[in-house]
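Visitor: Next come the chains, spelled out residue by residue.
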Amino acid sequence: MKADRLFKWTNLVVVWLWLSVFALLPSLFVFLLSFLENDAVKLVRWKFTFINYLALLNPLYFKVFWRSFCIAALCTIICLCLAYPFAYFLARLRSKYKNLLLFLVLIPFWTSSLIRTYAMISILKAKGLLNTVLLFIGIIHQPLPILYTGTAVIIGLVYSLLPFMILPLYVNIEKLDTQFIDAARDLGANTATIFARIVFPLTWPGIVGGIILVFLPAMSMFYIPDILGGAKSLLVGNLIQGEFLAAHNWPLGSAVSMVLTCGMWLLLLIYWRANKAGQQHESIGEI
Amino acid sequence: MNRLVKSSYLTAIYSFFYLPIIILIIYSFNDSSYSLLWHGFTLHWYKQLGDDMALAVVTLHSLEVSVLSATCATLIGTLTATCLYCYTFFGKRLLHGLMFVLIVSPDIVMGVSLLILFFLMKMQLGFWSLLFSHITFCIPFVSVTVLSRLTGLDKNIFEAARDLGASDFMSFKRVIIPMLWPAILAGWLLSFTLSLDDVIISFFVTGPDFQILPLYIYSLVRIGLKPELNALCSVMFIITLFIVGIFQLVLRKKEA
Amino acid sequence: MKLYRYKWVVCFLFFLSSLVNAQEKLVNIYNWSNYISSEILRQFTKETGIKVNYATYDSNETMYAKLKANPHSGYDIVVPSTYFVDHMRRQGMLRALDKTKLSNIKNLDPALLNKSYDPGNRYSIPYFWSSTGIVINTRYHALGQVENWTDFWNPKYRNQLLLLNDVHEVFSIALFALGYSPNDTDPEHIRQAYFKLKQLMPNVRLFSDDAVKSLYLDEDLTLGMAWNGDIYQAMQENSAIRFIYPQDGFIVAIDSMAIPVGATHLDNAYRFINFILRPDVAKKISLATGYASPNQAAVKRMPRAVLNNPTIYPDPKTLERSVIQVDVGAAEAIYQKYWELLKVGG
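Protein chains in written order, with the working numbering: chain U, 78 to 364; chain P, -19 to 236; chain S, 3 to 348.
Quick caveat, the hints were computed from the structure, so don't treat them as lab data.
Cβ atoms here follow ideal geometry from the backbone N, Cα and C, with glycine treated the same way.
Worth double-checking, as some hints may not be accurate.
What the hints assert, rightly or not - Rough simulated footprint, nothing fancy, chain U against chain S, three-plus residues with beta-carbon under 8 angstroms:
#, stretch
1, 58 to 67
2, 208 to 214
3, 330 to 343
Could you put the whole structure together from the sequences, leaning on the hints where they help?
Guide: Right, dumping it as structure tokens:
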């Protein structure tokens, strides 16, 4: 029992020590910064104020947040739809190359994202690969104007974030016990019912994990959307970057970041509450 | 479901991932400095790559940091996930919340706040500040992945292990880790991927003597990306495939 | 568990290797992109024995933010552009230069010295200068059709323009078109510029700082704005491209070397700056990047073709229309607000 307590406390100390210094402290700096006043010369004036948060009540900022939310949500949904079948087929593959195939998912992302994005530009542009092929086959008669539109932005984001949906789904589906599916089939259930009543609920933690790892980063991404979308609009990431770098207004930038973080926390809280209500799904796993 | 449908779908998604890479490799032979259209075949950029020592050093630095930070982040992230799952303790909600703050925080906010931290700690910027920062932003990706696998694990197994007299540490080592192994590997892969391509945070926390590849590439953006970089990425890609292939062969031999 | 122990050995070895780098004969340079080639850095090390750590950034703003958050970031030389020199010197972030240690400073063109962003060049030494102007592809537009910034507003250029993704560059177009200075701090003038730009937005295809060269080269875009060095290099691969100095005025930017207050290798920094001021070195750098050199002695040695190329070296009469950017001080927040409004409305 003593060894148990030692083990538990060692774990907690290591985790808390690291996160307190490198995660909690910097987060507190940001929190503190958001309540200070901006100063043109010294950057911040040590004066407690709500001015930064009040400035955010501008409809301009609502628009920016809403646009980011819509893009992130659309990207997440597309990623989920594309990733789930992929992860499912891969996880249930009876092959000795499964690990290799998993590695192969990530290897393209070990090349610089900037070089990859430029490769994507050379595919999507008016004289690029996609249009050349489609024109040659005859499906279209004029080049498709994909580049510098919202479509290119979504394609770019989905491309960058798809592995972050695939992996959590994969590790979750991989541990699915086929006994449940076999039992259900024996009892006469069709594929749709099996998916809806057994597979989907059991892989729910994987879906949640994937959504978290895709939606949250997507909310603050802006560099790839700028390159592929032509930088004609603002996302939350542009806003924060602009306040920190161009406007030298660190307090306002911190305030926008705090609002973004709290907004995400709120969504997660709603999920937690909803999850508590639907605990019945958990009981299937404890048969 | 039809085997053909399954393999077609898998192939389609893999093609989606690899098409830009293939284009990237093709353009490393492009006979033009700045154009994104094809102008003819040349090996000029590979020759230039061979002469560029600075690029080699910078790439090595990147790999150093990414491997180390992925490994450490996987360790700490797995511990975090098991703490959150197995134990109840004061500040559990805060820890959960901190994970999400780390994922959602924009890079520039994290970069600037970590820079301020290193300034207050009077820590010299360089390899160590970079490493600590990379480990920190990778941890939540590992813990979310591992936690998603932990949730829904049959809790009876832990009860059984405890009944058989195993301490927490033994059941961690002999039961939990093997069951979590795919998630731990996935976490390492995600961390390595994130760390290898991080630009904004790295920009703020690295020092003058430790330049890494993504910073080098992003700073060239204003001049224009020469195909020499495509050549570098192609070489790295081929080497990676080679290493992974060898790794797979070694593993297969071990199992046999 | 064996692997576990090995990890700490590896970490320790890396720690040792990082200590070895802390030498005295060292200079840490923080510069834009790859403007100084490794060949020149090697030449410096060969001649002086001082090792050079060359780190890069992609914008004035990020360099400034880093130095502001941590003045001891470790850099001995930074290279801000005009109005950032102004901004940084006002905030005491730069060291006053000891000109006695810079014997080659006599090589600089007096016409580019003693400007309002740094009176007397107390804090900065120019080493590049560039202009922002109009780019036109003569295969699609007749030369002479677009001579002023005001021509951009022509409805026939709907969805065709490439603008630089920089608040001051873009606002300067409207300010010049309205007859104001790009350094204007009057909120009313900036507001007018914003409304003028709003009318321009339907003509804008995209904002971009990067890939400008390839976009004009590949003729994805045939009209817009750009820096002259970029266009000079694009012209080498596509002869239909032309760079035009607008009649209603254009911006000149001067990149300068400066020493931040947190610098530790001062003597080495001075030796490096003096090295860059040598005519042969300045000439090499200028020819490699396509940007004009403020070094008179270097300019004299340039090939005729380059010297007579108005894209890089405009004649004095053209330069009369140029304006050098200075720090706009408190008006920065106003510019930023309207920039955000412009982007969100679009």
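Visitor: All hints, please: hold or fail.
Guide: Tested hints:
Here the stretch 58 to 67 of chain S counts 5 residues with a CB under 8 angstroms from a CB of chain U, which clears the bar of 3, and the coverage holds. Residues of the stretch 208 to 214 of chain S with a Cβ under 8 angstroms from some Cβ of chain U number 5, which satisfies the need for three, so the listed coverage holds. As drawn, the stretch 330 to 343 of chain S meets chain U at 8 residues by the rule of a beta-carbon pair under 8 angstroms; at three or more, the given contact holds.
Going through the hint list in order, the structure satisfies each hint without exception.
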